[in-house]
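Keeping their order, the protein sequence lines are chains A and B.
Numbers 278 to 630, taken from the numbering used here, label the letters of the first sequence in order.
Numbers 105 to 515, taken from the numbering used here, label the letters of the second sequence in order.
Because the hints were derived from the structure by calculation, they are not lab data.
The C-beta atom is built at its ideal place from N, Cα and C for all residues, glycine as well.
So, partial list: chain B residues that the calculated Cβ filter (under 8 Å) puts toward chain A:
#	residue
1	Leu182
2	Ile345
3	Ile359
4	Leu371
5	Met373
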Amino acid sequence: MNALTQLWNHQRYRQVIYQVTALLLLLACIFWLGHNTWANLKQRGIQSGFDFLSDTAGFDIGETFLISFDGSQTYWSAFGVGVLNTLKVSSCGLLVASLLGLMIGLGRTSAHTLSRFICSAYVELIRNVPLMIQLLMWYVMLVEYLPHSSEPYSWFHHIYLSQEGLAYPGLLWLQSTDAHGVVNSQWVWSWPVFDADGVHSEFNFSPEFLSLALALSLYTSAFIAEIVRAGIQSVPKGQIEAAQSLALTPWQIKRWVVLPQAARMVAPPLTNQYLNLVKNSSLAVVVGYPDMVNIANTALNQTGRALECISILMSVYLLFSFAIAWVMHKTNNKARRYLQRQANADRPGGART
Amino acid sequence: MNTLPSPPSPSPSLTSLPVHPKLAGSHEPCDDQERAQVFQEIAARSVPVEHKGLPERLRQLSQFILTQPIEALLTLGLALLALQLLSLALNWGVLHAVFQIDEGACQSARGEGACWGMVGEKFRMILWGRYPYAEQWRCALSCALALGMLGWSVGSKAWTSKFRTITLWAWVITGLVIQALMSGNFLGLRVLPLWPSVETELWGGLPLTLILSLGSIALATPMGILLALGRTSEMPIIQSICVLYIELVRGVPLISVLFMASFMFPLLMPTLQTPDVLIRVLLGITLFSAAYTAEVVRGGLQAVDKGQLEAAQSLNLGYWQTQRHVILPQALAHIIPGMVNNFIAIFKDTSLVTIVSLYELTGALGLALNGDANWRPYKLEGYLFIAAIYFFFCFALSRVSQNLEHRLANR
Chain A
278 MNALTQLWNH QRYRQVIYQV TALLLLLACI FWLGHNTWAN LKQRGIQSGF
328 DFLSDTAGFD IGETFLISFD GSQTYWSAFG VGVLNTLKVS SCGLLVASLL
378 GLMIGLGRTS AHTLSRFICS AYVELIRNVP LMIQLLMWYV MLVEYLPHSS
428 EPYSWFHHIY LSQEGLAYPG LLWLQSTDAH GVVNSQWVWS WPVFDADGVH
478 SEFNFSPEFL SLALALSLYT SAFIAEIVRA GIQSVPKGQI EAAQSLALTP
528 WQIKRWVVLP QAARMVAPPL TNQYLNLVKN SSLAVVVGYP DMVNIANTAL
578 NQTGRALECI SILMSVYLLF SFAIAWVMHK TNNKARRYLQ RQANADRPGG
628 ART
Chain B
105 MNTLPSPPSP SPSLTSLPVH PKLAGSHEPC DDQERAQVFQ EIAARSVPVE
155 HKGLPERLRQ LSQFILTQPI EALLTLGLAL LALQLLSLAL NWGVLHAVFQ
205 IDEGACQSAR GEGACWGMVG EKFRMILWGR YPYAEQWRCA LSCALALGML
255 GWSVGSKAWT SKFRTITLWA WVITGLVIQA LMSGNFLGLR VLPLWPSVET
305 ELWGGLPLTL ILSLGSIALA TPMGILLALG RTSEMPIIQS ICVLYIELVR
355 GVPLISVLFM ASFMFPLLMP TLQTPDVLIR VLLGITLFSA AYTAEVVRGG
405 LQAVDKGQLE AAQSLNLGYW QTQRHVILPQ ALAHIIPGMV NNFIAIFKDT
455 SLVTIVSLYE LTGALGLALN GDANWRPYKL EGYLFIAAIY FFFCFALSRV
505 SQNLEHRLAN R
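Hey, can you work out the whole structure from these sequences and the hints?
Shown next as structure tokens:
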């Protein structure tokens, strides 16, 4: 038996050998891929580097959020607009999906068979059809089946829905100079106007945005509903029976006994669904909503810098993912500590400790 | 657990006990004599009779409305909304719809009713894509084979120790047969000269969806198992490599991975060797879903009792022996429902490959309609048709997964 075999038979050393081998293999792989890329780029005469970001973008973006954009600005600003648009649609989706999911989830555990049935039908229908197809269906419905903007649906003559999108009133920051040269700035209500030419509004959700937000929130709400249902059903039956024997009303039982306990079960899978929603917003490219992916795709086609555009895209999404995971983690911890404190305070003699 | 004596159940009519005035108001302790006075025996209640008639139903309903008015109101609203949607769908999809392959009738019913004739006209294009018309039976046969195998695999017997090896080999053979059927070549050799060979770029529709989803789960499972083992291992470097891979992949959307597969893979490969786009996309989906598979497998590994590992170690089994003969068989039994769910997710995700111009179901629909101005306005009907196909598969599989989970829980 030589020294090498002895070394191999020692578990500690074998682990070291395994790990060093794995690391070397990984490095070799990365080196090989990097070398190939370098050779390919050189052979095809493709320039690389992130310097293109300060070039003029040369394309217009149909829809911007918070900042304005035109073709004479740089790729940097284009990517910025894309990120903001992604944030806009994701945050709308998160809000609607959470509320809807909570309601459907409660409906699935309702005392009445009818609402249970309707809610399960909703969940099964939505969950088993790919988001992509739902998105395309919403888009077609909004663009082709809604009335033309010359005869829109209107609510209270202030909200108009047509093929051009949803026009809604909003607050505008207006600056005006009066006769004495004094600059006045104030918040002004801006109302959509409907005349012979159609609907004009400062505030308008485009059909692209609407279809994406709708599809994302409905799709995610079905998954959130399932999580809420599982959370509610995980509350031990004894808890509900105890609450009933204390003569709490059904609503009080739900509010004070079931939901707080369900919330603890719900938080981790909910984080996953939120992350999924943000990642799924990348489907915007299908309907032409100018989100992060769409902008990166355009930039890629214009400049041919696949490597750079895709790595920007991936890092932005990673950043989003880590940010959401971090926020949810913090919220979860805070909630747990709060509940712990409450429990301690409620315990007889708890105030002393 | 079940052998423990169950605690005596409390009297059902506790609330209707007559309460002694001294007990009702104050919390003073009372002595035994008073307690004896308070206690009054109540006659046993009669066994509840189950009424099924209308009056009983009405009584239940009125009680529900009285005790839970908010919920009753919400239920009513929900029912009305559902009715409204249902009537809308019925009107559009059945009553005013055109079922014949008749362009003129469809044109006049436009906006009022659906044109299901479009599906009748185009369904072969939607199902099989650009595959040569005369050869489309090969697609149908491939799909039938794949679906048959899928049906067997999610059944109760397929992954028992008796059939496991057979199932695995059957999958390998099915894969090869489907490849030969679809392309007309067997591993690149023209062994079937009677059938014309068909380039992969002509593959499309349902076979492509099935090939992508089944192929990627078949490749992702071993990779996922390795990643999960790595993540749960004690070796810090290997563990961190696996964690890094899993978390990075789970943090980015599939679209970016598909973009990578279609734009970046050609750059990463040695000069002038560009693999087929189907292979590239398959690889991309595999790399993507391996991370998710790893998390499912990790759940299974954690479900295995620690005593099993200790028992294996005390028998002096090595790491791989322990994993191969003790841990993995138990873990894999736990994760079958999770794997079915994983498969459903991948199956739905394959609809994204249309973005990198592979014509699976969604892409094939675009192909069928965009080139034909007569039928182009009836996209919604087409999407509904595809949605129905996806729904059928996913719903059936999710039911299977639920059953498996149920069976596991009751084992």
